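Guided by the hints, dock chain B onto chain A, whose structure is given.
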Amino acid sequence: MHINYTEEQQMLRDSADKFLRDNYSFEHRQAVIKSGSGYSSAMWQSFAELGWLALPFEEEQGGFDWGALEIMLLSEKLGRYQVIEPFLETVLLAGGLLQAGNNQYLKDTRIGSLIDGSEQAAFAYAEGGCSLPAGKVKTTARETADGYILSGTKTVVYNGPAADFFIVSACLNGQKDNLVLLLVPADSAGLSRKNYLTYDGRHASELQLNNVEVKRNCLLADPLNSHAVICDVMQKAIIAVCAESLGAMEALLEATVEYTSQRKQFGQPIARFQVLRHRMADMFMELELSRSLLMAAAWHVDQRSDQADKLLAALKARVGKAGRFVSQNAIQLHGGIGVTDELNVGHYFKRLTIIENLFGSRDYHLSDYGKLSA
Amino acid sequence: MSDNQFRQEVRDFLQANLSTELRRAGELMTSVFADFDATMKWHRILYKQGWVAPDWPAEYGGTGWSLSQRYIFQEECKLANAPALLPMGLQMLGPMLIRYGTDEQKAHYLPKILSGDDVWCQGYSEPGAGSDLASLSTSATPDGDDYLINGSKIWTSYAQHANKIFCLVRTSREGRPQQGISFILVDMSSPGIKVDPIVGLDGRVEQCQVFFDDVRVPAKNLVGEVNQGWTVAKYLLEFERGGHNFTIDHKKQIAKLRKQVAGEVNARGMPRFEDQVFISKLAAVEIDALALEYTELRIKGALEAGQNPGALSSMTKVIGTEVGQRFNELSVEAMGLLVAPYQDHALSPAYDGDHIGPDYGLTTMAEYINNRASTIYGGTAEIQRDIIAKHVLGI
Numbered sequence: 070m071h072i073n074y075t076e077e078q079q080m081l082r083d084s085a086d087k088f089l090r091d092n093y094s095f096e097h098r099q100a101v102i103k104s105g106s107g108y109s110s111a112m113w114q115s116f117a118e119l120g121w122l123a124l125p126f127e128e129e130q131g132g133f134d135w136g137a138l139e140i141m142l143l144s145e146k147l148g149r150y151q152v153i154e155p156f157l158e159t160v161l162l163a164g165g166l167l168q169a170g171n172n173q174y175l176k177d178t179r180i181g182s183l184i185d186g187s188e189q190a191a192f193a194y195a196e197g198g199c200s201l202p203a204g205k206v207k208t209t210a211r212e213t214a215d216g217y218i219l220s221g222t223k224t225v226v227y228n229g230p231a232a233d234f235f236i237v238s239a240c241l242n243g244q245k246d247n248l249v250l251l252l253v254p255a256d257s258a259g260l261s262r263k264n265y266l267t268y269d270g271r272h273a274s275e276l277q278l279n280n281v282e283v284k285r286n287c288l289l290a291d292p293l294n295s296h297a298v299i300c301d302v303m304q305k306a307i308i309a310v311c312a313e314s315l316g317a318m319e320a321l322l323e324a325t326v327e328y329t330s331q332r333k334q335f336g337q338p339i340a341r342f343q344v345l346r347h348r349m350a351d352m353f354m355e356l357e358l359s360r361s362l363l364m365a366a367a368w369h370v371d372q373r374s375d376q377a378d379k380l381l382a383a384l385k386a387r388v389g390k391a392g393r394f395v396s397q398n399a400i401q402l403h404g405g406i407g408v409t410d411e412l413n414v415g416h417y418f419k420r421l422t423i424i425e426n427l428f429g430s431r432d433y434h435l436s437d438y439g440k441l442s443a
Numbered sequence: 003m004s005d006n007q008f009r010q011e012v013r014d015f016l017q018a019n020l021s022t023e024l025r026r027a028g029e030l031m032t033s034v035f036a037d038f039d040a041t042m043k044w045h046r047i048l049y050k051q052g053w054v055a056p057d058w059p060a061e062y063g064g065t066g067w068s069l070s071q072r073y074i075f076q077e078e079c080k081l082a083n084a085p086a087l088l089p090m091g092l093q094m095l096g097p098m099l100i101r102y103g104t105d106e107q108k109a110h111y112l113p114k115i116l117s118g119d120d121v122w123c124q125g126y127s128e129p130g131a132g133s134d135l136a137s138l139s140t141s142a143t144p145d146g147d148d149y150l151i152n153g154s155k156i157w158t159s160y161a162q163h164a165n166k167i168f169c170l171v172r173t174s175r176e177g178r179p180q181q182g183i184s185f186i187l188v189d190m191s192s193p194g195i196k197v198d199p200i201v202g203l204d205g206r207v208e209q210c211q212v213f214f215d216d217v218r219v220p221a222k223n224l225v226g227e228v229n230q231g232w233t234v235a236k237y238l239l240e241f242e243r244g245g246h247n248f249t250i251d252h253k254k255q256i257a258k259l260r261k262q263v264a265g266e267v268n269a270r271g272m273p274r275f276e277d278q279v280f281i282s283k284l285a286a287v288e289i290d291a292l293a294l295e296y297t298e299l300r301i302k303g304a305l306e307a308g309q310n311p312g313a314l315s316s317m318t319k320v321i322g323t324e325v326g327q328r329f330n331e332l333s334v335e336a337m338g339l340l341v342a343p344y345q346d347h348a349l350s351p352a353y354d355g356d357h358i359g360p361d362y363g364l365t366t367m368a369e370y371i372n373n374r375a376s377t378i379y380g381g382t383a384e385i386q387r388d389i390i391a392k393h394v395l396g397i
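Going down the list, the sequences are from chains A and B.
Per my numbering, the first sequence starts with residue 70, numbered consecutively.
Per my numbering, the second sequence starts with residue 3, numbered consecutively.
Next comes chain A alone, as it looks inside the complex:
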């Protein structure tokens, strides 16, 4: 397998690396987190100017119509530089759902403001421990003469505090297989949120929907196409978080090699000790196995291949294992300094731990892979 990246793809990768290296220091990130605002609006506007926010949208909406490979190239850099801005939540999840749905009114009225950076959005799907976007939901949408009445509770809605609107999954008229997606403006009557910081430096909300009236034209996906819409978005989302993980693992391995090469104990750099050399060799192999599956999965998603879902399950399961191994050992090999707030190593570790639990855990994807292979 060899992917010849186009000139445009290489430019995206290189310019993202340069922009983030020059403008997104770890100190900047930590200062933004401590300020309590969730992310930097100025940074978000820069992302808009760089065109990143337009990336996955169709050209007729003002987007670039870019696919999984581009998402992979950009997300890897977002992972490496520990970007907390809600590219995943606003652009790939909420934006992706708008794009994949067939509600032209919502596309025309909402996508433009996502691309120019003026609006934020979030996908509210998880309920308690049920955290599969297309999984079981108890939130109900009761049909009325001119729309829907929405009631329920959504948990751990990333980017909830900043969201101008939410895409909410619910079951239509309380029938559990009738999944619908509705767009709900954040200022709707009956919608309330409890906001908090997350361990990986982002902001999220518990979302209460108490008889929220939603207009009929805000139906993004009906029971006939909701699963297809979510699956389409999940493909890109899994590519994104796995690429983000890969960027994080690369940074962790580099930091660990550098640290163990300069840290001296017993009169020599600790990188000379065989047990540590082998550990770092294992970290490298975990990372490269993940990269191989990432490239293959992204390519198959863009080809709309029938192998895509199986490769995505393999990828998410593999990255779950690799992310845990690489980040735990990066800490172990750094010693005490690895578990402090001042070094970036532990922050990669926390993000990788959350990603392991996003969009299906390793166990979930292992069993999914088993089913798809049978």
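For the record, the hints were derived by calculation from the structure and aren't laboratory data.
There may be inaccurate statements among the hints.
Claimed, not checked - Subject to a maximum C-alpha distance of 27 Å in a straight line, what follows is the list of computed DSS-like cross-link-like pairs (lysine-lysine):
hint	chain 1	residue 1	chain 2	residue 2
1	B	Lys166	B	Lys43
2	A	Lys333	B	Lys236
3	B	Lys261	A	Lys263
4	A	Lys103	B	Lys196
5	B	Lys283	A	Lys440
6	A	Lys205	B	Lys261
7	B	Lys166	B	Lys114
8	B	Lys258	A	Lys390
9	B	Lys166	B	Lys236
10	B	Lys253	B	Lys302
11	A	Lys207	B	Lys261
Said to hold, decoys possible - Just so you have them, the derived chain B footprint on chain A, three or more residues with Cβ under 8 Å:
hint	segment
12	190-199
13	259-272
14	398-408
15	427-433
Note that this is a predicted model, so its numbers are computed, not measured.
Quick reminder that beta carbons are idealized off the backbone N, C-alpha and C, glycines included.
Same frame as chain A, now just chain B:
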């Protein structure tokens, strides 16, 4: 008294003396340390009862309990969610002074460790001396009847609360590095000491860096002979590494995991207790914990029979901490995305407001994060394996 009668006596005592707030402090522990104020409150209650130092010989304030009784006491305290007492004075310095201290030092320091009037911290590691502790460079230079101490110590747990610190310092640069180290007791209020807090990955301060700038310490504060500190330190490290009973920690972890398994669903919405994959992963770790429990019982048996358990003690720290970390991983898996909310305020025992997610998941992420340090402190897992290879296998 039979062990069962003794157990009942301990339970009655805990029932009467361990308040709801103190139990909450134990429940909310996310590392080996509990909330400081609750810890000291519990310390003083146990002191009043005469139970604060069961491992010390009776003539110095110990309880005179058998090994079994001490084990039962530890177990009952932990399972009742008593906050863990600080080990620096009771487990580390105390036994060391009893063995190596002068009569004057014992008379001066031991009673205040027992009463909780002195809170000790441990000055061993330095920025340049971690695994290779013998390369430490903080120096103590004779000056009249005193020493002048210069340098810095790091990973000093709870130095921000301590009024005393015991330190390993360099008193000679001749011979092997181990030969020029001395053990000295220092008052934290001495001029020239500065304490910088180190913020942990969970956003809290447990560790500090302590700086010494011409800190004057009387020579009578040396413990043991000058340049013989390494022997003293090794004795103390054995207590830090081998003296801990991991089985009791694991039982507490298993109890919490059982609640999570009973209360949670997996991402598909299937109850965890029906999730065979998860159940068998949990069983695998529990079996390793069980094997360690019987290993610890073998050690206890050997000690009771007056034998030296030797080789077996070397492995308990490695297995104990690694099994603990695997329980932490399973806990994170069981809670899934619910580990994401950062709710530091809700981890304070005094907090009685709402929090996100079930109570049994409140500490999960912080425990997972903080326990990564357990295979680093007190000798890394790599160093411990080296010790097993070298001293047990002779290779």
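Hint by hint, here is what the structure shows:
The hinted pair formed by Lys166/B and Lys43/B meets the criterion: a straight-line CA distance of about 19 Å does not exceed 27 Å. In summary, the hint linking Lys333/A to Lys236/B is supported, as the alpha carbons are separated by about 22 Å, within the 27 Å threshold. A distance of roughly 26 Å separates the Cα atoms of Lys261/B and Lys263/A; the hinted pair therefore holds under the 27 Å criterion. For the hint linking Lys103/A to Lys196/B, the alpha-carbon distance of about 26 Å falls within 27 Å, and the restraint holds.
Between Lys283/B and Lys440/A the CA atoms are separated by roughly 20 Å; this keeps the pair inside 27 Å, and the hint holds. Pair hint Lys205/A plus Lys261/B holds up; C-alpha atoms about 23 Å apart against a cutoff of 27 Å. A C-alpha spacing of about 11 Å is found between Lys166/B and Lys114/B, which places the hinted pair at or below 27 Å, so the restraint holds. For the proposed pair Lys258/B and Lys390/A, the alpha carbon gap of about 24 Å is at most 27 Å, so the pair holds.
Note on Lys166/B and Lys236/B: the hinted pairing holds, with a Cα-Cα distance of about 20 Å set against a maximum of 27 Å. The suggested pairing of Lys253/B with Lys302/B holds, with an alpha-carbon distance near 18 Å, which does not exceed 27 Å. For the proposed pair Lys207/A and Lys261/B, the alpha carbon gap of about 23 Å is at most 27 Å, so the pair holds. For a cut-off of 8 Å, the count of residues in the segment 190-199 of chain A with a CB near a CB of chain B stands at 4, and the three-residue condition holds.
With 6 residues carrying a beta carbon less than 8 Å from a beta carbon of chain B, the segment 259-272 of chain A meets the three-residue requirement, and the given coverage holds. Counting residues of the segment 398-408 of chain A whose beta carbon lies closer than 8 Å to any beta carbon of chain B gives 6, which reaches the threshold of three, so the coverage claim holds. Counting residues of the segment 427-433 of chain A whose CB lies closer than 8 Å to any CB of chain B gives 5, which reaches the minimum of 3, so the coverage claim holds.
Violation of the numbered hints given earlier is absent; every hint is satisfied by the structure.
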